[in-house]
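Full structure from sequences and hints, please.
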Amino acid sequence: MKNLRNGEFFGQINEKLDFDGLTITDTEYTYPYVDWHYHENPYFTFLLQGNIREGNKKEVYDCSAGTLLYHHWEDAHYNIKPDLFTRGFHIEITENWFEKFHLPKDLAEGSHNIKNPVIILLMYQIFKESKLNDNLFELNINQILLNLFGRLSNVKKSPEKSLFGLMRLMRSSTKVLRKN
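Oh and the sequence shown: position 180 is 180 in the working numbering, straight run, nothing missing.
Heads up, a few of these hints could be off.
Straight-line Cα separation of at most 27 Å, DSSO-like style, residue types lysine-lysine; simulated pairs [as the list claims (entries may be wrong)]:
| no. | residue 1 | residue 2 |
| --- | --- | --- |
| 1 | 131 | 57 |
| 2 | 131 | 115 |
| 3 | 100 | 131 |
| 4 | 128 | 100 |
| 5 | 105 | 57 |
| 6 | 115 | 128 |
| 7 | 16 | 128 |
| 8 | 115 | 16 |
| 9 | 100 | 16 |
| 10 | 100 | 58 |
| 11 | 105 | 115 |
| 12 | 115 | 57 |
| 13 | 16 | 58 |
| 14 | 105 | 128 |
| 15 | 16 | 105 |
Label-pair restraints from in silico Cβ distances [stated by the list, open to error]:
| no. | residue 1 | residue 2 | range |
| --- | --- | --- | --- |
| 16 | 146 | 64 | 26 to 32 Å |
| 17 | 49 | 133 | 31 to 37 Å |
| 18 | 135 | 62 | 38 to 44 Å |
| 19 | 83 | 105 | 20 to 26 Å |
Hints were generated in silico from the structure; no laboratory data involved. A virtual CB, placed ideally from N, CA and C, is assigned to each residue, including glycine.
Below, the structure written as structure tokens:
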């Protein structure tokens, strides 16, 4: 099974941005079939055009434009692309990014087909910011991605793992430290 390093995806990478522990790619899928593989970092795939079937050990997703998937690091999966132009937007997130913002790398484990329209809209905003590429795009993308993870973790059943739960824990820990 192939392990893809940071920034590696199957297909033609048309644009690549690297900053602050994020690797963002705009990729045209050129392979009709990609065998089982995994990535060394967690990442989002946002399908911009076309269709693709993506399978993992638990589920198979039939994806069309607008589909947003999240894969935790080392989650094995495969891809099947029909004979149709298909393009995806990826955000790969290194451990350094999670550490920089004091977030656990396992904030969202597993593979997920994200259907929450607010989270999908946030991904559209990240895509737009990456294309603007102005003086503030890095700051804006980090801010939107933090918002996205906060909303994604709130969707989960266990509030103690949510970003807001972590923030409450950090505030209460800070108060305890200040008293001592």
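Comparing the hints with the structure gives:
Between residue 131 and residue 57 the CA atoms are separated by roughly 34 Å; this puts the pair beyond 27 Å, and the hint is violated. The hinted pair formed by residue 131 and residue 115 meets the criterion: a straight-line CA distance of about 24 Å does not exceed 27 Å. Of the pairs offered as hints, the one joining residue 100 and residue 131 holds, with about 24 Å between alpha carbons and a cut-off of 27 Å not exceeded. Between residue 128 and residue 100, the direct Cα distance comes to roughly 24 Å. Compliance with the 27 Å bound is thereby established for this hinted pair.
Only pairs whose Cα atoms come within 27 Å are accepted, and residue 105 paired with residue 57 is accepted, the gap being roughly 21 Å. Between residue 115 and residue 128 the CA atoms are separated by roughly 19 Å; this keeps the pair inside 27 Å, and the hint holds. Of the supplied pair hints, the one linking residue 16 and residue 128 holds, its CA atoms being roughly 14 Å apart against a limit of 27 Å. A C-alpha spacing of about 26 Å is found between residue 115 and residue 16, which places the hinted pair at or below 27 Å, so the restraint holds.
With a C-alpha separation of about 21 Å, the suggested pairing of residue 100 with residue 16 holds against the 27 Å cut-off. For the proposed pair residue 100 and residue 58, the alpha carbon gap of about 32 Å is over 27 Å, so the pair is violated. Between residue 105 and residue 115, the direct Cα distance comes to roughly 22 Å. Compliance with the 27 Å bound is thereby established for this hinted pair. Among the hinted pairs, residue 115 with residue 57 is consistent with the structure: their alpha-carbon atoms are about 20 Å apart, no more than 27 Å.
In summary, the hint linking residue 16 to residue 58 is not supported, as the alpha carbons are separated by about 30 Å, beyond the 27 Å threshold. Distance restraint check for residue 105 and residue 128: the Cα-Cα separation of roughly 25 Å lies within the 27 Å cut-off, and the hinted pair is therefore satisfied. For the hint pairing residue 16 with residue 105, the CA-to-CA distance comes to about 23 Å; that is within 27 Å, so the pair holds. In this structure the hint that residue 146 and residue 64 lie 26 to 32 Å apart at CB holds, the actual value being about 28 Å.
The hinted window of 31 to 37 Å between residue 49 and residue 133 is violated, with their beta carbons roughly 20 Å apart. Checked against the hint of 38 to 44 Å, the pair residue 135 and residue 62 passes, with Cβ atoms roughly 40 Å apart. One distance hint, 20 to 26 Å for the beta-carbon pair residue 83 and residue 105, is violated here, with the actual separation near 37 Å.
In this structure, the earlier hints numbered 1, 10, 13, 17, 19 are contradicted, and the remaining ones agree with it.
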